[in-house]
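Colleague: Take a look at the letters that make up each chain.
2 protein chains.
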Amino acid sequence: MVRARGARVHNLRDVAVAVPRGAVVAFTGVSGSGKSSLAFGTLFAEAQHRYLESVSPYARRLLRQMEAPLVDSVTGMPPAVALEQRRSVPSSRSSVGTISTMSNLLRMLLSRCGDYPAGAARLDSDAFSPNTPAGACPECHGQGVLHRVTERSLVPDPSLSIREGAVASWPGAWQGKNLRDILGALGHDLDRPWRELPAQEREWILFTEEQPVVTVHPEREPGRIQRPYRGKYSSARRLVLKAFSESRSEATRAKAAAFLEQSPCPVCHGHRLRPEALEVTFAGLPITELAALPADRLAALLHPFTAQEGPTGLLTADLADRLAALRRLGLGYLSLDRAAPTLSTGELQRLRLATQLRSGLFGVVYVLDEPSAGLHPADTEALREVLAELRAAGNSVFVVEHDMAVVRGADWLVDVGPGAGAGGGRVLYSGPVDGLRDVAGSATRRFLFAPPAAPPSRGRTPSGVLRLRGVTRHNLHDVDVDVPLGVLTAVTGVSGAGKSTLLGAAADAAAADPSVGRVVTVDQTPLGRTPRSNLATYTGLLDVVRKLFAATDEARRRGYDAGRFSFNVASGRCPTCEGAGAIEVELLFLPTAWNPCPDCHGSRYNPQTLEIAYRGATIADVLALTVDAAAPFLADVPAAARVLTVLQQVGLGYLRLGQPAPELSGGEAQRVKLAAELHHARRDRTLYLLDEPTTGLHPADSEVLTAQLHRLVDAGATVLLAEHHLPLLATADHLVDLGPSGGADGGRVLATGTPAVVAATSTGPTAPYLAAHLRSD
Amino acid sequence: MVRARGARVHNLRDVAVAVPRGAVVAFTGVSGSGKSSLAFGTLFAEAQHRYLESVSPYARRLLRQMEAPLVDSVTGMPPAVALEQRRSVPSSRSSVGTISTMSNLLRMLLSRCGDYPAGAARLDSDAFSPNTPAGACPECHGQGVLHRVTERSLVPDPSLSIREGAVASWPGAWQGKNLRDILGALGHDLDRPWRELPAQEREWILFTEEQPVVTVHPEREPGRIQRPYRGKYSSARRLVLKAFSESRSEATRAKAAAFLEQSPCPVCHGHRLRPEALEVTFAGLPITELAALPADRLAALLHPFTAQEGPTGLLTADLADRLAALRRLGLGYLSLDRAAPTLSTGELQRLRLATQLRSGLFGVVYVLDEPSAGLHPADTEALREVLAELRAAGNSVFVVEHDMAVVRGADWLVDVGPGAGAGGGRVLYSGPVDGLRDVAGSATRRFLFAPPAAPPSRGRTPSGVLRLRGVTRHNLHDVDVDVPLGVLTAVTGVSGAGKSTLLGAAADAAAADPSVGRVVTVDQTPLGRTPRSNLATYTGLLDVVRKLFAATDEARRRGYDAGRFSFNVASGRCPTCEGAGAIEVELLFLPTAWNPCPDCHGSRYNPQTLEIAYRGATIADVLALTVDAAAPFLADVPAAARVLTVLQQVGLGYLRLGQPAPELSGGEAQRVKLAAELHHARRDRTLYLLDEPTTGLHPADSEVLTAQLHRLVDAGATVLLAEHHLPLLATADHLVDLGPSGGADGGRVLATGTPAVVAATSTGPTAPYLAAHLRSD
Ligand SMILES: Nc1ncnc2c1ncn2[C@@H]1O[C@H](COP(=O)(O)OP(=O)(O)O)[C@@H](O)[C@H]1O
Ligand SMILES: Nc1ncnc2c1ncn2[C@@H]1O[C@H](COP(=O)(O)OP(=O)(O)O)[C@@H](O)[C@H]1O
Ligand SMILES: Nc1ncnc2c1ncn2[C@@H]1O[C@H](COP(=O)(O)OP(=O)(O)O)[C@@H](O)[C@H]1O
Ligand SMILES: Nc1ncnc2c1ncn2[C@@H]1O[C@H](COP(=O)(O)OP(=O)(O)O)[C@@H](O)[C@H]1O
Ligand SMILES: [Zn+2]
Ligand SMILES: [Zn+2]
Ligand SMILES: [Zn+2]
Ligand SMILES: [Zn+2]
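Taken in sequence, the protein lines are chains A and B. By UniProt numbering, the letter at position 200 of the first sequence is numbered 200, and the numbering carries on one by one without gaps. By UniProt numbering, the letter at position 711 of the second sequence is numbered 711, and the numbering carries on one by one without gaps.
Simulated from the structure, these hints should not be mistaken for laboratory data. Quick reminder that beta carbons are idealized off the backbone N, C-alpha and C, glycines included. One or more hints might be untrue.
Claimed, not checked - Anything over 10 Å on all C-beta distances counts as not near chain B; from chain A, calculated:
id, residue
1, Gln48
2, Glu53
3, Leu160
4, Pro198
5, Arg426
6, Ala715
Claimed, not checked - Okay, derived cross-link-like pairs now, DSBU-like style, lysine-lysine, Cα gap no bigger than 30 Å in a straight line:
id, chain 1, residue 1, chain 2, residue 2
7, B, Lys242, B, Lys232
8, B, Lys255, B, Lys177
9, A, Lys232, B, Lys232
10, A, Lys232, B, Lys255
11, A, Lys232, A, Lys255
12, A, Lys255, A, Lys177
13, B, Lys177, B, Lys242
14, B, Lys232, B, Lys177
15, A, Lys242, A, Lys255
16, B, Lys232, A, Lys242
17, A, Lys232, B, Lys547
18, B, Lys232, B, Lys255
19, A, Lys242, A, Lys177
20, B, Lys255, B, Lys242
21, B, Lys232, A, Lys177
Claimed, not checked - Partial list, derived from the structure: chain A residues whose beta carbon lies under 7 Å from chain B:
id, residue
22, His49
23, Arg50
24, Met77
25, Asn104
26, Pro596
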């Protein structure tokens, strides 16, 4: 058994727990209950910390700043591997092929078993990667495009003189004047229109590689005394290319790019590879085309070769196996060349999971964050098998999970709760899944054993319609869809069917349609990336509270205004952390971390500010209150009470007012955004877009969320969402079922109508699940 | 079971092996047989590679260049932790305390439980570390010393004028002249003696923070035309401090340091800590004094507190436990402040091993490289217990080991052999230790089950004596020892007794004694750090072979001289790798690695050079021969034959002539050095010093080594060595037994004389082992 004692990470209350090794262990509990704090924050963090400490002084040096978690003891815990959703920040260079290591195999296949043009020399596998010197197209250095400056791009208006700003790419202000003065000192005519200057002179000014230094006698400007100085000239091309390739500022680089002409590389035609590599084919296709095929198609193409002897058989069989793992996890529609940043977090995690099936790791603990995210109920069974395979290979599997079908398949269950935040943080049950039947306090029990009846679809009557016509995008081809306004519409379909794509098309159409007011996307991205944003700033509550403090007698006596009580204003905040409450720690190769401020210890304010009290509490004390505690404290302040009530209604009463944005889970952030909307004045004619909003939510949380979405509709808004969660689908007024499959085999509208109609008429995979769910009511 | 199939790392010949998990597994075999290639190169490397690949994209990026080992499959292998001797390169900032993590505990103890001066504020534990801003002495920034420039240090001879070079710290050549010219331009008198310049002027020249820019009209020098230029002055202090703190060149920094006066910091007196921290004590001592105590003394001091309630009891008990682990592994004499680079590799590995006892790791495989190195037979039992504890904590332990007492205690034995290099690389046996009895081909069997009789001490008569008198160094206090010349003397005693210290004293005494000719230290350090040094270059064999190639008809026709056949000369070598045969790869945070050269594929030569053949072989072919193969090939070339014969005699017939120095193990390097000495002309009156020469050697290798050492003595040399290996000790002419313990409890001469005399008369721990060994003969 893996045993933890005295776990106190985040809201965990001195937790003791024992879970078996060599098993699939599910961690459940409502959002904010502390299940991630236990599975990731305690068990995984401790395992990682220990192993890296032991494994190498190098790793230790690298991770020096990573603190051990707050736990008295953890025993029997093997080294762990986390496949987490939230933290995964794939680099823009990585792709499905690189993450799954299939790119390497494909390159080896082309290198060793490819068909070469007659007489061509065999190429090394590196020659098939645009990211190696051996493989990069020599013309564009593997970029696929050429960046050039031309006279036209640098001097868009040749009727201007140099003094009038002919060289548009020159920086403004002093630096531009400097260049002009230097050209003057070099004897160029600053006042003739550019087009009248001799060609050779124009060429030199724009393109010379020389960097002459001359003494400049600046032109007098009224009221300024300017001395002669030595100035160095650089050509316009030189300056632009330097800014483009060397500047560390995004803005500067973007500005420079505006003066570059970009053209597809004439040698590799954008394929980034050297021509010799592009001439090698397997099964008739060059590597670029193989990598562009959806995994399922590629697998079908390779299949006939897998029985061959020698490297061809070995390599294609290995690839086919890995491709099959993608398909099993519902990712058969992805191509190897798909860039990692375009994947959803659920897709990315399942891609990593599929890759682990072939990693050969033994004796480790995999810790997963809701691997069912984005997965259609039809694919849940395959997910359960995959987890069982990792276990059969000699590992343990810990999953934080909300999908009851996956939870039911686990060997062991740890239920955390009963509530969220300070109301949670205890282990209610740890044992075989069935034992949870007897645990009265568990919010999970009900959903696991007696799924509550879904409130029926109200079948609201639309107030209008948003017409999407001829949508052609990703896998949607010339699709027509009507989105009814003033009701709740859900888009269904397997992963890759085109749900997100349809949401994107609706957003664009709504922006151009006068019958829609605002378009608001409510997603699970953080409220902010720094501790400077928090619940109180995001909801406007802090503004209300600051005024209360500024109105106290002592504040007025001292002349402290409301600004003084903002930690974003210098006068009142802690000077060390500048009001962040924490200090940013840059870690090499690791995401930035935040350490508590050594001076204000997280209070964010300077000592003088903290001398002002409102009803006996300092501003820091108030920010430390939970929503539930603040509600009575501020009950008589209408502006505050309204916000607090809505926050309680969306189930966030346990959050602290000053809880920094980075500490909130995706589900919590989503509900804060919803609360802000519910509190918002203008809700009618608003279109709310939500992409799989129940991701990361316990079924109990999904119930709360569903109720809030209907409140928005009741207030006159339109809700359009993509979703798999059946209890939410059942309440929708209208469904749009996409399918039948993912990728090229999806993207069609199979059925539309009320849940009952779609369940009865659609040929897609959602219908039977929906029908079963509706019957169970 | 952990199973490997098709292992082909280095000399491994398609090895298949299965070893149990949860066991202590010993890997044995003669030096060069391939046991490290199997345990470290295959099993550990594969486990590490897989885990880091899975654990994080960051780690993967970092280790991109680290290739997977050559093996078809490894299954059932958990993540691994290597405690290896060879690669451990501790940073100069680390110490026994930081490696063992005890420094942190000690700081927490002082911070929370220390005695503070009346009224003093409690300090954070960081305040007790000179490496943190909170703890560093503010005067010397935690350096313990102050570096200052003074007029005296910058101008050692004030009778000189500036032109004559008064400012000694000025750089020479152009830069010095430049500074002088600037001072001239600024109106200073360059020809008055320094001491006659006004004080204010001297002060300005040496110490000003200003950096004025002036136009310099350089003094005419005959034959050179020099134009006026703009020069910037920097004071002498500024230049020296800049060079000292910023230059990346060691030499420049050393030069600058010569102009700095270094004085102990008057605030912390060299203790590097801020005064407030030094005033806090525990058990009456400040942290600096606690850290300077040997582990055993510190444990005794803390013992009375371990039973207390609260943090004092917890922290002291934790420390006491960790200190006990040091003692068990024979390291009780080390203090926490002992700098890591002063530890022997054996001490360092055992320190890491002791630290692992408290790491809490579970389910990993520890891979150790001869943990018995440097350990007295009396401490072997404790080492076996420690390995068993790691196993009992849920781990597997793989040890490459030569000490038969440790091997006998293992649960499983993998014997690799039968010979070395191409003559080895097979698994002769894998199973419970006792099963090796039936394996005829094993070199290990004999030593494990029927230790061969030691050849008796010949008790040679000394030809003279080297007198050490009043030796006071480390733990030796006023010790007198006579080292007899012309015989083999061994120094004995537990780890830390003072053996190495005595060897150092003997080296110094010998250098001053005319009866000793050369002093040669034969250690296990690499022959060279780059692939440019190899067996053939080190032994001079390459010089002989180059002449053979230059003397061929074709070489003479083309005018290729002997230099052409050196890969260190531009004309003949591969231009890509410049003759290294490999390309250096810089890895962030990792030791530098070498990849094979893509152009010459390791042959090191350019194609033209390889067109010359001697007896049908190119120079690259010859360098690829093993010593055994080269012996008949070059039998008729006396200079080559001599070297090759000696290499065969020291048991290195399996090495390739061109085998790069970094590929040789410590034991192999040591034997190459011995071979070079045996081949050397002037051996008489030479004093050979060897510190535990049997480290890393199989008992069969130690037999060969012992014979070679006696050959040196027979040729008139003196051999003085420190050693634990009983079969070697038994052959010594003379023993010096130090003890009785390590550190302050050691350093005394307990007995001297023949092995029989010392075994009978010494009160130290070596005597009973030696007596038993002599009896067994
Ligand atoms: N980095 C953090 N610092 C402080 N509190 C946190 C942090 N992350 C999460 N929390 C809080 O800890 C509690 C448990 O969070 P978490 O373990 O993420 O819950 P779950 O995984 O059950 O949704 C919540 O109240 C959450 O707001
Ligand atoms: N950014 C993108 N770049 C390329 N293809 C994409 C991108 N986003 C989605 N696709 C493709 O469009 C199809 C539909 O994807 P998506 O709309 O994300 O489906 P769903 O939301 O139903 O999972 C899939 O084949 C997917 O691979
Ligand atoms: N980095 C290397 N490259 C090539 N050969 C090596 C390398 N390291 C060791 N070898 C060779 O492989 C053989 C086995 O070495 P090793 O496994 O270190 O033996 P052992 O541990 O039994 O002493 C020896 O012939 C050795 O010279
Ligand atoms: N470089 C050093 N700095 C400080 N102390 C040392 C150093 N080297 C050895 N000592 C100390 O001197 C004593 C004898 O050590 P050493 O000569 O290495 O013993 P042995 O060779 O018998 O193991 C020990 O107490 C050891 O800690
Ligand atoms: Zn190109
Ligand atoms: Zn602060
Ligand atoms: Zn100091
Ligand atoms: Zn080369």
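Colleague: Confirm or reject each hint.
Modeller: Right, here's what the structure says about each hint:
no.: 1; hint: Gln48; in the structure: violated, 8 Å
no.: 2; hint: Glu53; in the structure: violated, 7 Å
no.: 3; hint: Leu160; in the structure: holds, 36 Å
no.: 4; hint: Pro198; in the structure: holds, 33 Å
no.: 5; hint: Arg426; in the structure: holds, 25 Å
no.: 6; hint: Ala715; in the structure: holds, 44 Å
no.: 7; hint: B:Lys242 - B:Lys232; in the structure: holds, 15 Å
no.: 8; hint: B:Lys255 - B:Lys177; in the structure: holds, 19 Å
no.: 9; hint: A:Lys232 - B:Lys232; in the structure: holds, 19 Å
no.: 10; hint: A:Lys232 - B:Lys255; in the structure: violated, 36 Å
no.: 11; hint: A:Lys232 - A:Lys255; in the structure: holds, 22 Å
no.: 12; hint: A:Lys255 - A:Lys177; in the structure: holds, 19 Å
no.: 13; hint: B:Lys177 - B:Lys242; in the structure: holds, 19 Å
no.: 14; hint: B:Lys232 - B:Lys177; in the structure: holds, 13 Å
no.: 15; hint: A:Lys242 - A:Lys255; in the structure: holds, 12 Å
no.: 16; hint: B:Lys232 - A:Lys242; in the structure: holds, 29 Å
no.: 17; hint: A:Lys232 - B:Lys547; in the structure: violated, 58 Å
no.: 18; hint: B:Lys232 - B:Lys255; in the structure: holds, 22 Å
no.: 19; hint: A:Lys242 - A:Lys177; in the structure: holds, 19 Å
no.: 20; hint: B:Lys255 - B:Lys242; in the structure: holds, 12 Å
no.: 21; hint: B:Lys232 - A:Lys177; in the structure: holds, 27 Å
no.: 22; hint: His49; in the structure: violated, 10 Å
no.: 23; hint: Arg50; in the structure: holds, 6 Å
no.: 24; hint: Met77; in the structure: holds, 6 Å
no.: 25; hint: Asn104; in the structure: violated, 11 Å
no.: 26; hint: Pro596; in the structure: violated, 12 Å
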